[in-house]
Each structure stands twice: as structure tokens, then as C-alpha cells.
Amino acid sequence: MDTRFTEEELAFQAEVREFFANIMDEDLLALLDGAEASPTFKEGMVEYQRRLNARGWMAPGWPVEYGGQDWSVTQHFIFNSERGKAGAPAPIPFGVTMVAPVIYTYGTDEQKARFLPRILNSDDTWCQGYSEPGAGSDLASLQCKAEREGDEYIVNGSKIWTSIAHAADWIFCLVRTDNSGRKQEGISFLLIDMSTPGVTVRPIETIDGFHHLNEVFFEDVRVPVENRIGEEGKGWTYAKSLLVHERLSIAEVAESKRNLEQLRELARAEVNGGQSLLDDPVFAQRLAEVEIDLMALEFTEMRVMASAAEGGMPGPESSLLKLQGTTIQQSIQELRMDVAGYYSQAQRGELSADQLGHEFADFAQKMYFRGRAASIYGGSDEVQKNVTAKHVLGL
Amino acid sequence: MNFNLSEEQSMIRDSISRFVQDNYDFDQRNATTALQHGFSADHWRQFAELGWLSIPFAEEFGGFDGGPVDTMVIMQEFGRGLVAEPFLPTVLLFGGLLQAGASEELRSDLIPQIIAGELHGAFAFLERQSRYVITDVKTRAQREGDRWVLNGEKTVVLNGGAAQKLIVLARISGEQADEHGLSLFLVDTFADGVTTTTYRMTDGREAANVRFDNVTAEATIGASGEAFELMNPIIDRAVLAVAADALGAMESLNAQTLEYLKTRSQFGTHIGSFQALQHRMVDIFAACENTKSLLYRAACAMDASDSDAQRSLLALKFMVGRAGRQIGGEAIQMHGGMGMTEELSVGAYVKRLMIANTLFGDADYQQQRFSAVVNAGSRSAVARAVA
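As they're listed, the protein sequences go chains U and L.
Terminal number for the first sequence in this note's numbering: 454, no gaps in between.
Terminal number for the second sequence in this note's numbering: 405, no gaps in between.
Simulated from the structure, these hints should not be mistaken for laboratory data.
Just so you know, these numbers come straight off a predicted model, no measurement behind them.
No residue lacks a Cβ here, since even glycine has one placed at the ideal position from N, Cα and C.
Treat the hints with care, since some could be wrong.
Stated by the list, open to error - Computed footprint of chain L on chain U, listed as stretches where at least three residues anywhere in the stretch have a Cβ under 8 angstroms from a Cβ of chain L:
| no. | region |
| --- | --- |
| 1 | 124-138 |
| 2 | 344-352 |
| 3 | 355-362 |
| 4 | 379-392 |
| 5 | 437-446 |
As the list claims (entries may be wrong) - Simulated crosslink set (EDC-like; lysine to aspartate or glutamate; CA at most 20 angstroms straight-line):
| no. | chain 1 | residue 1 | chain 2 | residue 2 |
| --- | --- | --- | --- | --- |
| 6 | U | 144 | U | 86 |
| 7 | U | 316 | L | 269 |
| 8 | U | 449 | L | 269 |
Use the sequences and the hints to build the structure in full.
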């Protein structure tokens, strides 16, 4: 049992650290400031992702033949940790971490050649068409249908909660191609060009006050059969097989560590009755509990990675990563709101931070409300617990 | 990066696990804790024969030179089986302090006796008023000629009844809670002026209050006045051990609770089919995994003398307290009325976990120390803001 880095790993760590220090210059940080809530978010992300790609580090987790890196799990861990420390975001996941593995695992050579390089270079922005108005956590009950007509599918229906659809070039969809069997059967995996006639996007206003979610409508949308991944009717299997190989950084430990350090400094500077908020025993206790949970989660993630590296299936603890990661993110967002005090409830609108009189309250507020979604999407907390109870505990 | 045990560590684990299987079902355990001093002398002899008592000691005394991970492996199995024998007080605390601070002569005399299973010891560090502040010491040691004479009382001395010798924390100078001015003394429990009052802890293990009325110490352990520095690493190792013991108990208890959910039938179905119970079971499974992750984190950091060791250990001990209480409470609740009975071992596990919480400071105390460590930093920002 040993978590020390070797000489080579330490050298790699230094290399990654230097890389991120170099690419995260002031211009880029300005574009990304405010994260998803910022109007320059997509522009900043594309620029950032191209800098990653220039170094060959846009998709280190992909197989080497498609542009990935031949790294050990420890190297992946180091890369993600250093990225988080540098305040650099994970790439927008829908292309590089969600659809690409389906394409390189189940796609044809033509599909790989057509889509993967454009994902690496951020030429295409992708969004995910899974959820539907009637199928949220019960994903397999989806109804958006695709009927075969010659070399095309005619798609009719709608998708909902589609992040970034308004800025996307492509959407990968689970669609129903057959209604006769079990609901998991008869689902196919289609790649749809967002500029196809019949595709419309309606923004969904959310309580965080910025636009990231959408509803996507398909009305007689013609999709070439060559845009189907794998076999007809096997889409559910493809989508599900990906869930087994959860993304390495699903718990977002590196991001939470950085957010927590920033929170600590915000709290240190906040004064209540002449005393730093950090010296308030109740606040300190809440902060400590989150930090300790995060320290545990960091090692849970390392345990999962170490067992994956040995070729084993991820251990039972892997089922907890999303649930616990989300809980921690929300706790940090909640504490940041509390640090902002009265200002956490003020709407900044068009005012500058200076005019409003508070530096981070607006960000705290947006991320708090935005963050409530994390325990709903990607399998709600309750679904995560159901899955763990059934598949891990055998209940 | 790997979390695997070495071949030797796996052998130790398997050997303890077999011992537990053969000797520690719940009835056997109850019979064991009912014995004088709350454990079995036969078991202790077996521990010696199997070499387990030698593991943490240096090779020069006949030991195995085991590190934090070795300790962890042993204690986790002991916790799983609710083993009552005093490995923590005799080997890790008493033995650990001897090895760290006793004279060469004493070490080569006493440590082999511990390894052979012939000598029991205990570490007497608590007092009625001290709660978790280990430096709050009123027991005095005074120099009289070439002897040290002790007066005072130490409380909740684990294994204080069976111990032939104690290491006693006493004050030689300074104010009541000062870190400096503390010394450690070796005291024979049969010496004149030593009065031992024994009692049982909730889980059946024995503890004692020990009074010292003009007791002459056999020897000093470590440099005079510097016991704080000497005992801290030994206590850290003991905290890791307690946490490993607790993790073993949590794993065993969770397995029992899970089995109960699968077999207990109500309203025509097994109760584990109810979502309310499923989610609670997932919560305590997660609490156990969190404890395991922090245990591995602390053990690896201690093994590597990493700067992360201190805060990892504080985090771990906090988690042991919080997770232990949650797991214990849920185990009783989900076992229903049966969880309240002495027929099942559930209560014994819960008590073991509650003792683990209090040993060397409970969750609240660890959280405060954790906060003090991680939030330490310049207060100038506040000073500026106030000005």
C-alpha cells in the first residue's frame, strides 16, 4: 500500500503544472471567469480546449490510436489534480467524454474519421439528447421516435434539459426505433446535425438566471442511416456500457478542492462582529465536515482508479463517486452563499460588482442555484442510491 | 499508486481472520470477556506464539519492524471479530512508549517479555478533569534524592487491571495544561502506594482508575519534561490502530445489517425491498467506505512521513466518530427490536464503535483540531478589515 509518486511521476507532475500555468493566461482566465454563467463561456472553452489539443492533452483518456495518451492511472490522476489546482476546467464533456467513447467503441471507421478529429479540435460542439419530458430518471421509457424510410430515419419528438443545445453543432440522441419489446430494447443511438431542417431549440429559463438548458424539438427531421452508431435497437446497451466506465473525474474532486480553498479564503476575509467567519466555531465545523468528506472522496476515487488499473472491474465504492461528489459540491456552494451574507440574495443584473458593493455574491448565487441540478442530472441522488442498493448491495 | 497488501500483510490478515473464525463467535466472545480482566490468557499466549505481539517492535528486540500499514491490518481484523485482548494498551501504547523512550537496558529487558506474552502493560494518561486534553495533568512527580515520587490519580486506564507495569504521565513542572513539564514514569502496579480500582467498559473490556500515594517510580521514560513530544507519535499510531479496529467493526456490522435486510420478512416481503431502508443502507455503506478511504490515506501518509499525515489522521478520527455513530444507530434501528437485545452481537459492535469515538478525542474534538490546523494562516486580512 503506497501512494507516493515515483521520480518519473514527479517529473510528469512538474510538466503538467508548468503546462497549465502557461496556458491559463489572463486573456483566457477573463473569458472563463464566471464559468458557465459567463456569456463568453463557450468562446473561452473552445480556446482553452484548442490549447489542450495543441499539446495532445485534449483527450488523454482516449485510446492512443485516436489521439489519447498512453498514461498510467497515476498520470491521469496527476493530470486531473494539476488541472484542478490551476483552476482549469474539464473540457465540455458531451463531445470528448460522452459521445466520443461510443463512437470509437461502436462506430464504423468512417464515423471515427469523420467525428473524432473534429471533437479533438473543438470544431464541433456536442450536446446530449437523452432525457425527454416524460422520461427523466426513468430514461428507458423515452418516446422520441425514428422511423426508417430508405436510407434515412425520420425523427419526431423532443428532448429536454439539453445543456448547451443552443450553441451545439451536433446532438447525440437515444431514439425509439421499435416499440414492440421491453422498453430498453428498440432504442437506437443517432447522431443528428443540429442544422438539419426540423430541429428547433427552445431555451429553458432556470432559477440560476442564466441560459444553459434547452428543449430540442424534432419535426420530421431526416437523419442519414450512416449517422446511426452500431446496430439498430442496441442504443441502450451502448449508452449503458459507458456508464460502467464512468469518467475518471466524475466526482470532480480537483474542482471541489480548489473551490474549497477559495471558500476558505473568502471566509477568512469575511468579518462578523470583528471576528473572521473562519473563527466562528459553527462555520468552521461545517467547513471541516465538507473538507473531511472531500479528503475521503479523493482517496475513494484513487482506490477506484487503482483497481481499474489492475484490470479489475471498479469496486463497489465506485458507485458512490457521483453521489458524494455532488453532495460535496452543493455543500461548498451553500457555504459560499452563507459567506456572502445579505448580498447572496441581491440581484446584480447589469451592475458591476463595485456598483453592487460585493465581489463574489453574484457568482455564489448563480453557482448555488446552478448546482442544485447536479443531484438531479446524470442519475439523481435517489437513482444513484437505488442503483447502489440493487447492484452493489444486492437488495 | 496501489492499495494492495504485501504478501506478509495478507498472511497476517488471514491468520488473524482464521483465529477469529475459530475462537470468536458471539457466545465465545461473551465467555471471553466474562473472564478475569475481560480477556483470555490462552488467547494471549496464542498471539505470542503466532508472532503477532512482535510485529510493531524493532528487529533488535525480536520484533518485525512493522509500520503503520501492518498495525492497520492487525487491528482491522481484531475489530471485525470484536477481539477483546489488550493489543492496543499492552503492545502499541505501553510497548510503543518503551521502545520510543526507555533506556537501552529496560528496552532489551521488557520488550522481549511483551513479545513472549509474559508482560502486560498500560498507559495511564487520563485524569478525571482532563477530558480529551491530554496535557491537562494534575498528577505530580517530585524528585527525592535519586528517586521520582508520584502522587495523584489516573483514570480510564485501559487494561489497567491486568497490567503488571504502567507508564504514567505526570507533571514535574509548569501549569496544569502546559505541553511542557510532563514526564513519563514506569511504575510497577504492585509497588507500595498504588491502588487500582477496576471496572468494565460498555463492550466488556476492562479499565481502571489508579491512585498513586507516594509511589516510587521504577524509571523515567524519555527526557524529563518532554513527554509531550515523545508520546505524540505513539498516540498517532494508536489513533490509526483504533480507526482500523473501528473500520473492521463497521464492516462486520454493516454486513450483518445487510444480511438482516435480505432475510427479515415483513408485510409479505423482505424488508430490504423497501426503498426507505435501501437508501439508509447505502448511506451507511458510504460511511464505511469514507472511513476506509481516510484510513488508507492516513496509513499511507504516515508510512511515507508525508506532510498530509497530521490532517489525514485528524480527518480519519473525526470520521470514525461520525460514521461509527451513524452505522451503529442505523444497525440497531434496522434490526428493529432484535437490535435492542443481547441475543445479537449488534449492540456489542455499537459499543465498540462508541468507545473508538471517545478514545484519544471524540469527533467534535477532532473537528476543532482539524479546523485549527487547516485554517491556520495569516489573520492580517481580518486585522485589515477591522481597521
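Violations among the numbered hints: 7
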